[in-house]
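A.B. asks: Sequence:
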Amino acid sequence: MAYLINLFKILLYKIKKEKIIVINEAAGLGDYIWVRSYFKLIKNNEKYKDHKIFMLTTKRWTDFAKDFDSEYVDMFLPFKDPYAPKFAELLPLRLINADIFINFRANQNYWDKINNTVNAQIIIDNQNITNKEVFYSERYNAIISQLLPIPSDWHHSLNYKTKVKKDYGDYILLVLSGYTEGKLTLHQLKIIINELLKKYNYPIMLLGQKKDSKTYNTLATAGLKAHLINGCNKFKTYELPYIVDKAKLVITPNTSTLHMAILLNKKTLCFNSSMKHLYQSENITYITSSERISTINDDTIIEAIQKF
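For the sequence shown, position 266 (counting from the first letter as 1) is numbered 266 according to the working numbering, and the numbering increases by one without interruption.
No lab work stands behind these hints: they were computed from the structure. All figures in this text were calculated on a predicted structure; none of them were measured in a lab. Virtual Cβ for every residue (Gly too), placed ideally from N, Cα, C. This list has only true hints and no planted wrong ones.
Here are the simulated DSBU-like pairs of lysine-lysine, each with C-alpha atoms no more than 35 Å apart in a straight line:
{"#": "1", "residue 1": "59", "residue 2": "236"}
{"#": "2", "residue 1": "43", "residue 2": "17"}
{"#": "3", "residue 1": "190", "residue 2": "166"}
What follows is a list of derived Cβ distance ranges for each label pair:
{"#": "4", "residue 1": "197", "residue 2": "117", "range": "50 to 56 Å"}
{"#": "5", "residue 1": "169", "residue 2": "294", "range": "28 to 34 Å"}
{"#": "6", "residue 1": "80", "residue 2": "166", "range": "29 to 35 Å"}
{"#": "7", "residue 1": "7", "residue 2": "214", "range": "36 to 42 Å"}
{"#": "8", "residue 1": "121", "residue 2": "297", "range": "53 to 59 Å"}
{"#": "9", "residue 1": "46", "residue 2": "163", "range": "32 to 38 Å"}
{"#": "10", "residue 1": "50", "residue 2": "222", "range": "58 to 64 Å"}
Sequences and hints are given; from them, build the entire structure.
C.D. replies: Okay, structure coming up:
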């Protein structure tokens, strides 16, 4: 039904000759968290306030995008798998005659099918931005500044409005789901939990997807259940900023959770080397490996937790 409604709205926009800006960030949720901050900036700009914003998203976090940004985004076009988009997902793009295409995924050939399908008079992308050693907001500002001026004192934000119904009190957040560098092993999780319990008097919420429930169940039968909170498959994506913000500490191999923690100014231990060169802060401690997260040795983890 939503698909048909989108097609109808696109045809209506074409008849009315509405001005359209298409933005592509159909990748990870963490990347979207930075991009979303530009919507208000665009809508408040005198030149672009009448433009409709179409946002290309990934289906698994479109609920987050809608909850946070429906005020500014006129249409969300989700892709189940942006690497291999289906014909039906590309069809709306074929119908759009955009005025501007802001493409944050220009220099990666995984998105060629999507990028080549968008018809736009002006294309603003990151193909000429080669310095990957800067923080995300600086890199994205360089892209968006081709469209409108970026205030020098302007920063990205993550102001959530959705709260979860249950009060979990004080807790440490330990994220189970990994990303490009893999995830923490069961052995590593036990070490982290045991070291945390020695140092802090907080329960530990294990946050994960449905597939991580098995890991929680295994840990809960290892004499740790009284100290654990099951957060696996318990929350909608748009509820996660609240869960992150209420945590006393955040431990994560997941970059999207890290992005939330950065914007919410949370003390965080991150197991992911891909982020270390992008963001440095006294609140963020990194444990990195040249290979997979699972190869990080016990002593390194114990030492980091003791200092954390």
